[in-house]
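J.: Single-letter residue listing:
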Amino acid sequence: MNRTPLFDRHQQLGARMVAFAGWEMPVWYAGIQAEHAAVREAVGLFDVSHMGEFIVHGRDGQAVLRRALTNDVAALEIGEAQYTLLPNAHGGTVDDLLAYRLPDNPRGHPVYLLVVNASNIDKDRDWLRAQVRPGEDAVLDDRSGDMALVALQGPRAPAVLAAATRLDVWRMGYYRFDRGDVAGVPALVSRTGYTGEDGFEIMADNADIGAVWDALVAAGAAHGLQPAGLGARDSLRIEAAMPLYGHELDDDTSAIEAGLGRFVKLDKPEMVGRERLAREKAEGPARKMVCFEMTGRGIPRQGYAIHAGGAAAGSVTSGLQSPTLGRAIGMGYVPADRAGIGGELAVDIRGTLVPATIVRRPFYRRPDAG
Amino acid sequence: MTIPTHLRYTAEHEWLDVTDDGLARVGITAFAQDQLGDVVYVDVPAAGATVRAGKPFGVVESVKAASDLYSPLTGTVVEVNGQLVDHPELVNADPYGEGWMVVVRPADAAELDGLLDAAAYAALTAEG
Numbered sequence: 001m002n003r004t005p006l007f008d009r010h011q012q013l014g015a016r017m018v019a020f021a022g023w024e025m026p027v028w029y030a031g032i033q034a035e036h037a038a039v040r041e042a043v044g045l046f047d048v049s050h051m052g053e054f055i056v057h058g059r060d061g062q063a064v065l066r067r068a069l070t071n072d073v074a075a076l077e078i079g080e081a082q083y084t085l086l087p088n089a090h091g092g093t094v095d096d097l098l099a100y101r102l103p104d105n106p107r108g109h110p111v112y113l114l115v116v117n118a119s120n121i122d123k124d125r126d127w128l129r130a131q132v133r134p135g136e137d138a139v140l141d142d143r144s145g146d147m148a149l150v151a152l153q154g155p156r157a158p159a160v161l162a163a164a165t166r167l168d169v170w171r172m173g174y175y176r177f178d179r180g181d182v183a184g185v186p187a188l189v190s191r192t193g194y195t196g197e198d199g200f201e202i203m204a205d206n207a208d209i210g211a212v213w214d215a216l217v218a219a220g221a222a223h224g225l226q227p228a229g230l231g232a233r234d235s236l237r238i239e240a241a242m243p244l245y246g247h248e249l250d251d252d253t254s255a256i257e258a259g260l261g262r263f264v265k266l267d268k269p270e271m272v273g274r275e276r277l278a279r280e281k282a283e284g285p286a287r288k289m290v291c292f293e294m295t296g297r298g299i300p301r302q303g304y305a306i307h308a309g310g311a312a313a314g315s316v317t318s319g320l321q322s323p324t325l326g327r328a329i330g331m332g333y334v335p336a337d338r339a340g341i342g343g344e345l346a347v348d349i350r351g352t353l354v355p356a357t358i359v360r361r362p363f364y365r366r367p368d369a370g
Numbered sequence: 001m002t003i004p005t006h007l008r009y010t011a012e013h014e015w016l017d018v019t020d021d022g023l024a025r026v027g028i029t030a031f032a033q034d035q036l037g038d039v040v041y042v043d044v045p046a047a048g049a050t051v052r053a054g055k056p057f058g059v060v061e062s063v064k065a066a067s068d069l070y071s072p073l074t075g076t077v078v079e080v081n082g083q084l085v086d087h088p089e090l091v092n093a094d095p096y097g098e099g100w101m102v103v104v105r106p107a108d109a110a111e112l113d114g115l116l117d118a119a120a121y122a123a124l125t126a127e128g
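Chains as they are written, first to last, in our numbering: chain A, 1 to 370; chain B, 1 to 128.
Just so you know, the hints here were simulated from the structure itself, not pulled from any lab data. Be careful, since some hints might not be right.
[Claimed, not checked] Just so you have them, the derived chain A footprint on chain B, three or more residues with Cβ under 8 Å: (1) 35 to 47; (2) 59 to 67.
[To be verified] With a cut-off of at most 25 Å between alpha-carbon atoms, the simulated SDA-like pairs for lysine to any residue come out as follows: (3) B/55 x A/305; (4) B/55 x B/88; (5) B/55 x A/302; (6) B/55 x A/353; (7) B/55 x A/304; (8) A/281 x A/66; (9) B/55 x A/301; (10) A/268 x A/282; (11) B/55 x B/17; (12) A/265 x A/98; (13) B/55 x A/104; (14) B/55 x B/108; (15) B/55 x A/324; (16) B/55 x A/66; (17) B/55 x A/354; (18) B/55 x A/350; (19) A/281 x A/313; (20) A/265 x A/37; (21) B/55 x A/297; (22) A/268 x A/74; (23) B/55 x A/303; (24) A/265 x A/192.
In this text, all values refer to a predicted model and were calculated from it rather than measured experimentally. Cβ atoms here follow ideal geometry from the backbone N, Cα and C, with glycine treated the same way.
Sequences and hints are given; from them, build the entire structure.
T.: Structure (structure tokens):
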């Protein structure tokens, strides 16, 4: 079982640890609901060092990534990041990830940082390397073993981070990043996250991340900072209707079905899985991911059957009792002709069909997000 | 975590309190609620339902997951804790008191002899 460089700090904080994707990770410290509320109302600090990091460089690195990823890395300026997906040949999804454009290498070729799901590091690395054709100059360095990542999320995140760095975090745009010292150690800071709140992700070498964590905890004391575990990370992302690989996304599910068509750019010379992605984008997919609220009593969970129009129609991919909304909510797949907002569904909860209504995505949007 | 000595326990972390009138009040232990974390939903059968020893009779759900409740005995549900519908957090706050779940009329009082006492349950949870 892998441990992050912050493992000892989690233990000192009394975290409940769980096994996740081969890592021993904190699932909660104070309780999922308290941590969830802290992120919505103040600020939470997450260790997400289990995530994978790849550096892609070389003369043809950009061409390979344009072909291998659904979004278009050529649209990124240095200092910008984008959400993107890694499709397979059938248009299903190998993983979803963030691509950052780092400064060009000395030869003037673009360099990219990819941050991928912990559970998919080996699969992604092998798949991406296999996309490089003979004669192409593109190199993928897997840096997952020596880079660490923390997420500082919530409305007080800028104030906390500003106390630990000279970087101008207040003016950093959404999905922009900068590099500089945080807590006296070199770091990459991006205005990104997986909670539906304002916030940052801070990447540093394994040896340095402890200093970052400690400085943020110290600076956060005046702002109600709460260390938060994977439990709150999951409950927050579900309210924000953000997909999680292995739930909303898998090898058979396309980005279009998942409602992520705006991250699929067809205006490129070629793209893996293009045939299906282009067809579904043009004609609409046969099934779609929907967000629903339970109108009867019960909590939907992954794998529960969804019924529509009196017949089994799909299944739940994620669900919980929403801490912010106080209602049971879920996501899942249904036939496209049953996916309209306001549509009536029923979820088979331990043998009982409990009614639910399709609602707009996301369930929760932060007040200042417009 | 103190384990009340007047209760009986199961290996599935339910407690059972046999009252003077022969009825059995059932809930989950402090250890169980601590393992679950924040309880957000409790589903138990209505009064009149039959429960069977060792079989799932209801569900307790945390933010993360649903867990089966296993009946410590065979019998008939005579009362349910209606407070848990709106206040499932009572299971965390007071697992041996306000967080009780059902009262069961045992079909066979001898079944109770097979349950764990506090010392045996303490040993079980200490193992981890």
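J.: Measure nothing beyond the straight line between the CA atoms of residue 265 of chain A and residue 192 of chain A; if it is 25 Å or shorter, mark the hint as holding.
T.: holds (21 Å)
J.: Please verify whether residue 55 of chain B and residue 350 of chain A have alpha carbons no more than 25 Å apart.
T.: Holds, at about 14 Å.
J.: Quickly compare the C-alpha distance for residue 55 of chain B and residue 17 of chain B to 25 Å and report which way the hint goes.
T.: holds (19 Å)
J.: Mind checking the alpha carbons of residue 268 of chain A and residue 282 of chain A for me, to see if they're no more than 25 Å apart?
T.: OK: residue 268 of chain A and residue 282 of chain A at ~16 Å, within 25 Å.
J.: Do the alpha carbons of residue 55 of chain B and residue 108 of chain B lie within 25 Å of each other, as the hint requires?
T.: OK: residue 55 of chain B and residue 108 of chain B at ~16 Å, within 25 Å.
J.: Please work out if residue 55 of chain B and residue 303 of chain A have their alpha carbons no farther apart than 25 Å.
T.: holds (22 Å)
J.: Taking beta carbons only, do three or more residues of the segment 35 to 47 of chain B come closer than 8 Å to chain A?
T.: Coverage by chain A holds for the segment 35 to 47 of chain B (5 residues, Cβ < 8 Å).
J.: Does residue 55 of chain B pair with residue 88 of chain B here, judged by a C-alpha cut-off of 25 Å?
T.: holds (22 Å)
J.: Given the hint that residue 265 of chain A pairs with residue 98 of chain A, test it: the Cα-Cα distance must not exceed 25 Å.
T.: holds (15 Å)
J.: Does the alpha-carbon distance linking residue 55 of chain B and residue 104 of chain A stay inside the 25 Å limit?
T.: violated (63 Å)
J.: CA of residue 265 of chain A to CA of residue 37 of chain A, is that 25 Å or under?
T.: violated (36 Å)
J.: Is it true that the CA of residue 55 of chain B sits at most 25 Å from the CA of residue 305 of chain A?
T.: holds (23 Å)
The structure shown violates the earlier hints numbered 13, 15, 16 and 20.
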